[in-house]
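A.B. asks: Here full-length UniProt numbering is used: the first residue of the sequence shown is 1, the next is one more, and so on.
Simulated from the structure, these hints should not be mistaken for laboratory data.
Check before you lean on any hint, since a few could be wrong.
As the list claims (entries may be wrong) - Keeping only pairs whose Cα atoms sit at most 16 Å apart, straight-line, the calculated EDC-like set for lysine to aspartate or glutamate is: (1) K265 <-> E123; (2) K245 <-> E123; (3) K331 <-> E314; (4) K601 <-> E635; (5) K469 <-> D352; (6) K245 <-> E346; (7) K642 <-> E577; (8) K143 <-> E123; (9) K436 <-> D332; (10) K265 <-> D332; (11) K265 <-> E346; (12) K170 <-> D421; (13) K436 <-> D334; (14) K388 <-> D334.
No experiment lies behind these values; they were computed from the predicted model shown.
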Amino acid sequence: MNELFIKQFFSEKGELSQSIEDYRLRQEQVDISVLIDEAITNKKKLIVEAGTGIGKTFAYLVPAFLSGGKIIISTATKNLQDQLFTKDIPMIRDALNVPVTLAMLKGRSNYLCHLRLENAMIEGAFMTKEDVTYLHLVNQHAKHSMDGDRSELDTIPESSSIWPQVTSTKENCLGQDCSFYKECFVMNARKKALTADVTIVNHHLFFADLNMKEEGISELLPKATTVIFDEAHQIPDIASIFFGKNVSTAQISEIVQDGYQIYLKHMKDVSDFETILNDLEKANKDFRLVFPRESNRYPYQKISTFSRFDSAYENLIEKLKTLIQLLAHHKDRDTEIEKYFDNSNEILSNFDNWRDDKDNNSIKWVEVYSQSVQLNNTPLSIADMFAKHINNELTSWIFTSATLAVKNNFDHFKSQLGLTDADSVSKESPFNYAEKALLFVPKLMPDANHENFNFAVVNQIYPFIKASKGRAFILCTTLKSMREIFTLLQDKIETDQLDYPIYLQGDGSRNHLLNKFREHGHAVLIGSLSFWEGVDVKGDALSLVVIDKLPFFSPEDPVLAARIDKINKSGKNAFMEYQLPNAVITLKQGAGRLIRDEFDKGVLVICDTRIIEKAYGKRMWQSLPPFARSRDDLEVIQFLEKI
Numbered sequence: 001m002n003e004l005f006i007k008q009f010f011s012e013k014g015e016l017s018q019s020i021e022d023y024r025l026r027q028e029q030v031d032i033s034v035l036i037d038e039a040i041t042n043k044k045k046l047i048v049e050a051g052t053g054i055g056k057t058f059a060y061l062v063p064a065f066l067s068g069g070k071i072i073i074s075t076a077t078k079n080l081q082d083q084l085f086t087k088d089i090p091m092i093r094d095a096l097n098v099p100v101t102l103a104m105l106k107g108r109s110n111y112l113c114h115l116r117l118e119n120a121m122i123e124g125a126f127m128t129k130e131d132v133t134y135l136h137l138v139n140q141h142a143k144h145s146m147d148g149d150r151s152e153l154d155t156i157p158e159s160s161s162i163w164p165q166v167t168s169t170k171e172n173c174l175g176q177d178c179s180f181y182k183e184c185f186v187m188n189a190r191k192k193a194l195t196a197d198v199t200i201v202n203h204h205l206f207f208a209d210l211n212m213k214e215e216g217i218s219e220l221l222p223k224a225t226t227v228i229f230d231e232a233h234q235i236p237d238i239a240s241i242f243f244g245k246n247v248s249t250a251q252i253s254e255i256v257q258d259g260y261q262i263y264l265k266h267m268k269d270v271s272d273f274e275t276i277l278n279d280l281e282k283a284n285k286d287f288r289l290v291f292p293r294e295s296n297r298y299p300y301q302k303i304s305t306f307s308r309f310d311s312a313y314e315n316l317i318e319k320l321k322t323l324i325q326l327l328a329h330h331k332d333r334d335t336e337i338e339k340y341f342d343n344s345n346e347i348l349s350n351f352d353n354w355r356d357d358k359d360n361n362s363i364k365w366v367e368v369y370s371q372s373v374q375l376n377n378t379p380l381s382i383a384d385m386f387a388k389h390i391n392n393e394l395t396s397w398i399f400t401s402a403t404l405a406v407k408n409n410f411d412h413f414k415s416q417l418g419l420t421d422a423d424s425v426s427k428e429s430p431f432n433y434a435e436k437a438l439l440f441v442p443k444l445m446p447d448a449n450h451e452n453f454n455f456a457v458v459n460q461i462y463p464f465i466k467a468s469k470g471r472a473f474i475l476c477t478t479l480k481s482m483r484e485i486f487t488l489l490q491d492k493i494e495t496d497q498l499d500y501p502i503y504l505q506g507d508g509s510r511n512h513l514l515n516k517f518r519e520h521g522h523a524v525l526i527g528s529l530s531f532w533e534g535v536d537v538k539g540d541a542l543s544l545v546v547i548d549k550l551p552f553f554s555p556e557d558p559v560l561a562a563r564i565d566k567i568n569k570s571g572k573n574a575f576m577e578y579q580l581p582n583a584v585i586t587l588k589q590g591a592g593r594l595i596r597d598e599f600d601k602g603v604l605v606i607c608d609t610r611i612i613e614k615a616y617g618k619r620m621w622q623s624l625p626p627f628a629r630s631r632d633d634l635e636v637i638q639f640l641e642k643i
C-alpha cells in the first residue's frame with residue numbers, strides 16, 4: 001500500500017503542487033487514488049464514479065505508476081488518448097520521477113500502409129482529381145513520417161475516399177509476407193506498445209484485441225497487470241459490437257476497390273476479371289437500394305419482408321462467389337492475390353453465417369447508412385462473456401467515469417458487464433453547483449411526443465438565449481429534432497438580426513465546430529447525441545445548456561426492443577431496470593457539459609416536464625449534481641443577465 005505517499009503527493013505542498021499553478025488539494029481525488037491503489041495491490045475490480053472536477057485521471061495514474069508492471073489505459077475517444085499521451089501522463093511521470101515508458105496505439109485504419117499506398121499510386125490514373133491530389137499528399141507524408149499516423153494530415157477530410165485506399169484492414173494485411181513488413185507503421189506501433197510500461201488504447205481497439213485475436217500478432221492483454229477503463233460508461237455498447245458478429249456491404253466495396261488494384265498490378269491478362277468486379281459492384285449497390293434512402297435500424301423480421309431483399313441478397317452472394325471462383329485459379333501467382341482470395345472467402349462466409357444464424361440469445365438486425373448496409377448479430381447480454389475474460393488473479397481492473405451510477409447505485413452497470421464481485425465508490429464533484437448553476441424545468445410544455453413540441457422548445461428557450469447573448473448548447477435526442485429546432489431558432493435570430501451564429505452538427509467535424517464556437521464567444525451550437533459527452537468548453541463561451549427531451553432510446557431500436565422483451569419475460573421490469581438507468585446515465589453526461597471548472601456559471605434547461613411530473617423523474621433529477629432549481633422564467637433570465 002502506498003497510502004501515505006499518495007496523501008503526501010497530492011497535498012498542498014506535495015510533488016504535484018510543484019507542477020500545477022494555483023494547485024488546490026481535492027480530498028475526493030486523494031480518497032479515490034487510495035482506493036485505486038488498494039485495488040491494484042490486491043488485484044481487485046473497482047468501479048469509480050468521479051464527478052466533474054475531481055481529477056480522476058491523476059487519481060488513477062499515480063497508483064498505477066507506483067505499482068509497476070504493464071499498464072493498459074483504455075479510453076472512449078482519440079481526444080482523451082491524445083491528452084493522456086501528450087499532457088497528463090508526462091506531468092505525473094515527471095512529478096513522481098519514475099522511468100515509465102509510454103506508447104499510444106490506435107486502430108489499424110489510423111496508420112498508413114506502404115503496400116496499399118504503392119498500389120494506390122499504380123491505380124492513380126483511375127482516381128478522381130481530388131483523390132489524386134490527396135494521394136500525393138499522403139505519399140509525401142509517408143516518406144517523412146516517423147509513425148504514419150494519418151491524424152497528422154489534417155488537411156485531408158476524415159470522410160475522404162482516399163483513406164481506405166492507403167490504410168489496411170485485418171483482412172487485407174499480408175503480415176510477415178508483406179515486402180514492407182520491416183517498416184510497417186502498424187507493426188512498429190504494436191511493437192512499441194508491447195514493450196512499453198504504459199499503453200494507451202481506445203475501447204474499440206481493446207475489445208478487438210480481446211475478442212478477435214489478430215493472427216501473427218501478440219496480444220496486449222496477457223502482458224497487463226493493470227487495466228484502466230476511462231469513460232467506462234461506454235463499455236457495454238462497444239463491447240456488444242465486438243462480442244457480436246457483423247458484415248457490411250462496405251467490405252464488398254473494399255473488395256471491389258482492392259480488386260481493381262490487384263487487376264492492374266498482377267492480373268491484367270485475365271480478361272473477365274474487370275467485368276466480374278463491375279458486376280459485383282452493381283450487385284452491391286442494388287442491395288443497398290432495397291432499403292429506404294434514410295439511415296435506420298431494422299430487425300431481421302422486418303427486412304426479410306422487403307420485396308426485393310431475398311433476390312438482391314442472393315444476387316450479391318452469387319456475384320461474390322463468381323469472383324472467388326476466378327481467384328481460385330490464380331491465387332498461387334502472388335501472396336497479394338492469395339490474401340485477397342482468403343479475404344473474399346471470409347466475407348462470403350460471414351454473409352452466409354449471418355443469415356443462417358438462429359441463436360436465441362442474440363438479435364439479428366440491419367443498420368442502413370447512406371452508402372452501405374451492415375448486417376449485425378448482437379448478443380442480448382454480454383455479462384457472461386465479459387466476466388469470463390476478466391476473471392483472473394493476475395490483473396486488476398479499474399472502471400471509471402463521471403457517469404456510472406443511478407443515485408449512487410451501480411447495479412445497472414455491474415449487471416451489464418457481469419461485475420457482481422466488483423467494489424464500487426461514488427464521489428460527487430467538488431464544484432459549488434448550488435451557487436454556480438441553476439436547473440430549470442418549464443411549467444407548461446406539450447407532451448414530448450406532440451407534433452408542436454419543438455416549436456414550444458424554441459419559444460421557451462429563445463428569451464434565455466437572448467439573456468445569455470448566445471453562448472448556448474442545445475442537445476437534442478434525435479437528428480430530426482435537431483434539424484427542426486435549428487431551422488426554427490435560425491428564423492428567430494435572423495428576424496431579430498442578432499449576431500449569434502448557429503452551428504449545426506454535421507456542418508464540419510466536431511472539433512472544428514467546437515473551435516468556431518469557442519472563438520466567436522456568442523454562438524449557439526445544436527447537436528445530437530455525439531455532443532452529449534466528451535465535449536469540454538470552459539469559461540465565458542458557454543453559460544446555457546438546453547436538453548430537449550429525456551434521453552430514452554427508441555423502443556423501436558431492434559437491439560433495445562429485444563433486450564426489453566427478454567427482461568420482461570424473465571419477470572423483471574425492463575423500464576425500471578434497463579431503460580431508466582440508461583437514460584439517467586445519458587442525462588448526466590448531457591448535464592455535465594455545463595460546469596467544467598470551478599469558475600464556470602450557467603443554466604441547465606430540461607424542456608421535458610416528465611422529469612417533474614412522472615414518478616420516475618425523481619430518480620433522474622436526484623442523480624444530477626445538486627443544482628439550485630427553478631421553474632420561474634424570470635429568475636433564469638436574471639441569473640443569465642448577471643453572468
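A.B. asks: If a hint holds in the structure, say so; if it does not, say that too.
C.D. replies: Consistency of the hints with the structure:
no., hint, result
1, K265 <-> E123, "holds, 9 Å"
2, K245 <-> E123, "violated, 32 Å"
3, K331 <-> E314, "violated, 25 Å"
4, K601 <-> E635, "holds, 15 Å"
5, K469 <-> D352, "violated, 57 Å"
6, K245 <-> E346, "holds, 13 Å"
7, K642 <-> E577, "violated, 41 Å"
8, K143 <-> E123, "violated, 19 Å"
9, K436 <-> D332, "violated, 70 Å"
10, K265 <-> D332, "holds, 15 Å"
11, K265 <-> E346, "violated, 23 Å"
12, K170 <-> D421, "violated, 35 Å"
13, K436 <-> D334, "violated, 67 Å"
14, K388 <-> D334, "violated, 41 Å"
Violated hints for the displayed structure, listed by number in ascending order: 2, 3, 5, 7, 8, 9, 11, 12, 13 and 14.
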